[in-house]
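Kindly produce the complete structure, drawing on both the sequences and the hints.
As they're listed, the protein sequences go chains P and Z.
Residues in the first sequence are numbered consecutively from 0, following numbering that gives the first Met the number 0.
Residues in the second sequence are numbered consecutively from 0, following numbering that gives the first Met the number 0.
One or more of the hints may lead you astray.
Cβ pair distances, simulated, as ranges [said to hold, decoys possible]: (1) PRO156/Z <-> ILE302/P: 44 to 52 angstroms; (2) PRO243/Z <-> ILE302/P: 36 to 44 angstroms; (3) PRO263/P <-> ARG93/Z: 39 to 47 angstroms.
If you are wondering where the hints come from, they were derived from the structure by calculation, not from laboratory data.
Ideal Cβ positions, reconstructed from N, Cα and C, are used throughout, including at glycine.
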Amino acid sequence: MSALPLAVTRRRRRSVRHTLDLRVSPYAYVAPFFLLFCAFGLFPLVYTAWVSLHEWTLLSDTQEFIGLGNYATLLADPYFWNATFNTLSIGVLSTVPQLLLAIWLAHLLNRRLRFQTLFRISLLLPNVTSVVAVVVIFSQLFGRDFGLINWVLSWFGVGTVDWAAGTATSHVALSVMIMWRWTGYNALIFLAAMQAVPRELYEAATIDGASGFRQLRSITIPMIRPTIIFVVIVSTIGAMQIIAEPMLFGQSSGGGGGIATGGPDRQFQTLALFVYEQGFANSTFDFGYASAASWLMFLAVVIVAGINFLISRRVRGGVV
Amino acid sequence: MRLRYLTLIAVAFFSAFPLYYSVVVASRHNSALAQVPPPLLPGGNLLANVARVFDTVPFGLALVNSLIVAGSISVAVMFFSTLAGFAFAKLRFRGRNAMLVITVATMMVPAQLGIIPLYMLMVKLEWTGTTYALIVPALVNAFGVFFMTQYLSRALPTELLEAGRVDGCSTWGLFWHVVLPAARPAAAVLGMLTFMSAWNDYFWPLVVLNPDNPTVQVALSTLASGYVNDYVLGLAGTAIGTLPLVAVFALFGKHIIGGIMQGAVKG
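If you want it as structure tokens, here you go:
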């Protein structure tokens, strides 16, 4: 036997392995993500829809198919509508001023500036703070009798405000917490987009005598529109899912009424908190009902995000 | 000009003040809180209050749990994201573009929607109450994959990979010897971002763990709920749970900010 055929087989085998390596290995490399997503992302999502069509509690062994029964009950549930209203109210109160402020801050940071890094770090500091810490700290600041905020307000002749007790006041307090945590983060994203705007545009505008505000309106905002749309959509989706803030605010402001109701009168119970209440905090662990509420919440997220997408696509700044 | 600095200084002040104030309260007696005006300088009671936190909730265990959870998630996310990012950025295979689009699209799916069946799944797997329930679903995520894809398609020269091929490297060999070293700067940023968000995660741990085996955030929420009038205790816990992260951020903040600004815009 000569050595030649052996070498040929070996080479052929190696080339098969090589082709296999080129063709198949990419799939193996992206597989972990897709497998995990299917198991812990996609499957729960689809299964929620199935559960929502059943009378399904943790306590009973049988699950009765009731079609859209849970959805019908939900639409007649005043607590559900209350939670929807609260979600929209807190969402608008926290998102609109936050995004305006973030654009303005990014605009200030986009010039030549000393201590640039220091300012950026201080802006992002709140975002590094956990939501639990934020709410515990702010609950103290918003305290009725000895809170720092009421103390400062008293200089201006404002009487003692019981922040957690009222609908409007609690929504303001929660919005301040959300704004404090997210404004700097969004400002940095706007800043990144602004830095890609060609400098010549500003130089030309300066020569034409345009003010800083005019430049922001007529150059910056139109130029960073894709980023504005992106941030608006992401913030909307986030705002529709607010849960930790009202949950913890109800705990640590001492309002009573359990952690899932969002205050004794449900004055700040959001949709996500409503879902949690039905599924986990309710003595019946009503998974079917909570799943139906999740799907309606998802629907609300899609609708509100869609509306915001259409609105922000029309943002033209001051291009006249 | 001057107004701009004043504004930015004011914003920096408001960003830092609540954290400072939590340390002020955490270092005092509860009696100091029933004062008008409220105290604005730290007192000398910090260590005693911190000791009280460890007596009230299993905070040592919580710190260890959080370290294990956030640490293992970060390492896994760094590894798997680089692996998938390498494939998406530099390898050719059928369906690549479609798969990348799907990956990015999954970032838009609200995770909370699936929390109930996810919990049921964990009950079936008998993972409730254990840290598996936190670690396994978080081993890799769409943001990480997207982030590394972006970075590698820009920062890793294709010629380098071709040279490796000519030298007889397999795809895995290329990943191990060429891609991983090249990905290090971005992977480090991704690791820090992942660590922070895993450390700060609140809702899912609250649902799936129990108070005997908490993470830091779950322990903090126990402190905040069970001891309603003991603000000092709550804020002392908050301070210990937050300061390590703030310290890391103060050291590496520049890189983290660079990473956020890079990763988010292209979305």
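Evaluated hints:
no. : hint                                      : in the structure
1   : PRO156/Z <-> ILE302/P: 44 to 52 angstroms : holds, 45 angstroms
2   : PRO243/Z <-> ILE302/P: 36 to 44 angstroms : holds, 41 angstroms
3   : PRO263/P <-> ARG93/Z: 39 to 47 angstroms  : violated, 59 angstroms
Against the hints set out earlier in the document, a violation occurs for number 3 only.
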